[in-house]
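Visitor: If you want the building blocks of each chain, they are given just below.
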Amino acid sequence: MTPASWSTSNTSLESWYRRLLLAYPGHYRRQHGAEILTTLMETTEPGRQRPHRAEMKDLLLGGLRQRFRLPSGRPAALLAAVLATLAFGAFGAAAGSWLGERTFTALPSTAEVDRLSDVIAGELEGAPNKLTAGPVLSSSTAEIVGGATGAITTPGWTMEQALARVTKQGWEIRSSKPAVATDIGCTGEYVAERTNGLVLQVDECRSADGVVVKTLIFAARSSAYLPLTVAGAIVGTLLGWLLAAGVSYRMRNLSSPRRAVITLLTGAGLAAAALPVVAFAANTRLLLSHLDEPNGRVYVLHAPLKPVWYFSFGPHHMIAVAACASLLCALAAVALSRGRATAHADRATLVG
Amino acid sequence: MQEPTFLILTALAAEPLHGYGLIRAVADLSDGDVRLRAGTLYGALDRLAEQGLIEIERTEEVEGRLRRYYRLTDGGAAALTEQSARLRRNAAAAETQLRRRLAPGMSFSAMVEAAA
Chain A
7 MTPASWSTSN TSLESWYRRL LLAYPGHYRR QHGAEILTTL METTEPGRQR
57 PHRAEMKDLL LGGLRQRFRL PSGRPAALLA AVLATLAFGA FGAAAGSWLG
107 ERTFTALPST AEVDRLSDVI AGELEGAPNK LTAGPVLSSS TAEIVGGATG
157 AITTPGWTME QALARVTKQG WEIRSSKPAV ATDIGCTGEY VAERTNGLVL
207 QVDECRSADG VVVKTLIFAA RSSAYLPLTV AGAIVGTLLG WLLAAGVSYR
257 MRNLSSPRRA VITLLTGAGL AAAALPVVAF AANTRLLLSH LDEPNGRVYV
307 LHAPLKPVWY FSFGPHHMIA VAACASLLCA LAAVALSRGR ATAHADRATL
357 VG
Chain B
258 MQEPTFLILT ALAAEPLHGY GLIRAVADLS DGDVRLRAGT LYGALDRLAE
308 QGLIEIERTE EVEGRLRRYY RLTDGGAAAL TEQSARLRRN AAAAETQLRR
358 RLAPGMSFSA MVEAAA
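As they're listed, the protein sequences go chains A and B.
Position 330, counted from 1, in the first sequence is what my numbering calls 336; the numbers after and before it change by one each time, with no gaps.
Position 32, counted from 1, in the second sequence is what my numbering calls 289; the numbers after and before it change by one each time, with no gaps.
Think of the hints as simulated: they come from the structure by calculation, not from any bench.
Keep in mind that a hint or two might mislead.
Label pairs and their in silico Cβ distance ranges [stated by the list, open to error]:
1. A350(B) / L337(A): 51 to 59 angstroms
2. V88(A) / A284(B): 37 to 45 angstroms
3. A277(A) / R328(B): 41 to 49 angstroms
4. A60(A) / A350(B): 30 to 38 angstroms
5. G289(B) / R59(A): 17 to 25 angstroms
6. T316(B) / A60(A): 27 to 35 angstroms
7. L337(A) / R346(B): 50 to 58 angstroms
8. S261(A) / E318(B): 21 to 29 angstroms
9. E339(B) / I240(A): 38 to 46 angstroms
Covered stretches of chain A, going by a simulated chain B footprint (3 or more residues, C-beta under 8 angstroms) [what the hints assert, rightly or not]:
10. 45-51
11. 77-91
For clarity, every value in this text was computed on a predicted model and none was experimentally measured.
Think of the CB as a built atom: it goes at the ideal place given N, C-alpha and C, for glycine as much as any other residue.
Please construct the entire structure, taking both the sequences and the accompanying hints into account.
Guide: Structure (structure tokens):
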């Protein structure tokens, strides 16, 4: 096509090309979009209304490749991209895990746990036994626990009778450990489950003074939990790489003070991510090693974000604060890299 | 260096070219074997510019259309010279090997002739 025939060229084809060029990152479109469009319009045969299929594929793949590419010959950009990918992958998994936990059955209120404790303790010879219901928590390193613990001194208390009472309340006995005396005198652990996704665990420990009964109630892992966590990890990984690639490309056209600030923010963000990433990785190991225990306590990957002592040092909210700081640094770096102060773009014939 | 990259540098060795000019030059140089599409071409141009092998020579605007001309840098010319020498060396080696492949057959028939 010659320049003379451009004016008469159909706008439908051009708008097709413009839409396809959206596959490219914005900074790239601003720099090369107009010239690519010229080349596309020149290579196409006259009268064509829409691009060839192969041409569409070429542009879409070209755009995707450009989004994932890093500037060549910059080892620092590669290192930052790899670390950002790891960090965002871990954060994504944690976000997916948090979302997954929303699909768990809600824990019963303290009053309900209290009532169930009474059922387990039972009434013997007119004198009610009492288990002290603990607070319904969402706590510890990983598990979700609502519990009750207490000493029942009445010699007549038996696990069998307690479980029979619990069964009448709608619980189903799923498994029981054989009554084997252990060093600490505990003779059995029974697990009951409700079809609504709650698990009740009852332990009895007998000693010369009587029986100590411990109960725990926790939500079972829902079937949506693992897919959501894995999906979060995948989305996070992709996002981490894409953001790092975009920032390192956009940085090329920025003033050096601005580049220095972005580098500093990236470094700070990655440093702040270290602690949460280690904690998430440790919890992932816990989660995986307990995956096959259907009645075991549920470990969730994002538990280190909860306000508890996860590491033996630092304040309660340390990991959540570090994760937030890291994300804020990343956000600031991305925002700062988007400035177009010194970008030599072809503003007159912008595409997209 | 891949074939399209080699051909792009070769096309730019003689004169600066814009995108469409490059696509045509590469097709001519390869006797129509390599037909670059815009996405592939600009991906390669971006990479080559990053490596300092080519650079933008000038930008033209014709009837609201933007054309950008690329030229080979000194580094690009050196890389192309090196690659061209390597290809010539490899091609020569291939030809030598092919001649040697032919040689035993000929000597064998010569031996048969001598025996007869």
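Visitor: Now look at each hint and say whether the structure bears it out.
Guide: Here is how each hint holds up against the structure:
As the Cβ distance of A350(B) to L337(A) is approximately 56 angstroms, the hint placing it in 51 to 59 angstroms holds. For the pair V88(A) and A284(B), the beta carbons lie near 39 angstroms from each other, so the given range of 37 to 45 angstroms is met. At roughly 43 angstroms, the beta carbons of A277(A) and R328(B) sit within the given window of 41 to 49 angstroms. At roughly 36 angstroms, the beta-carbon separation of A60(A) and A350(B) lies within the given 30 to 38 angstroms, and the hint holds.
For G289(B) and R59(A), the Cβ-Cβ distance of about 21 angstroms falls inside the hinted range of 17 to 25 angstroms, so the restraint holds. Distance hint check: the CB atoms of T316(B) and A60(A) are about 28 angstroms apart, consistent with the given range 27 to 35 angstroms. Between L337(A) and R346(B) the beta carbons are some 53 angstroms apart, a value that agrees with the proposed interval 50 to 58 angstroms. Between S261(A) and E318(B), the C-beta spacing of about 27 angstroms keeps the proposed range 21 to 29 angstroms intact.
Against the hinted window of 38 to 46 angstroms, the Cβ-Cβ separation of E339(B) and I240(A) comes to about 42 angstroms, which satisfies the hint. Note: the stretch 45-51 of chain A has 5 residues with beta-carbon separation from chain B under 8 angstroms; the three-residue rule is met and the coverage holds. Counting residues of the stretch 77-91 of chain A whose beta-carbon sits less than 8 angstroms from any beta-carbon of chain B gives 3, enough to reach three: the coverage restraint holds.
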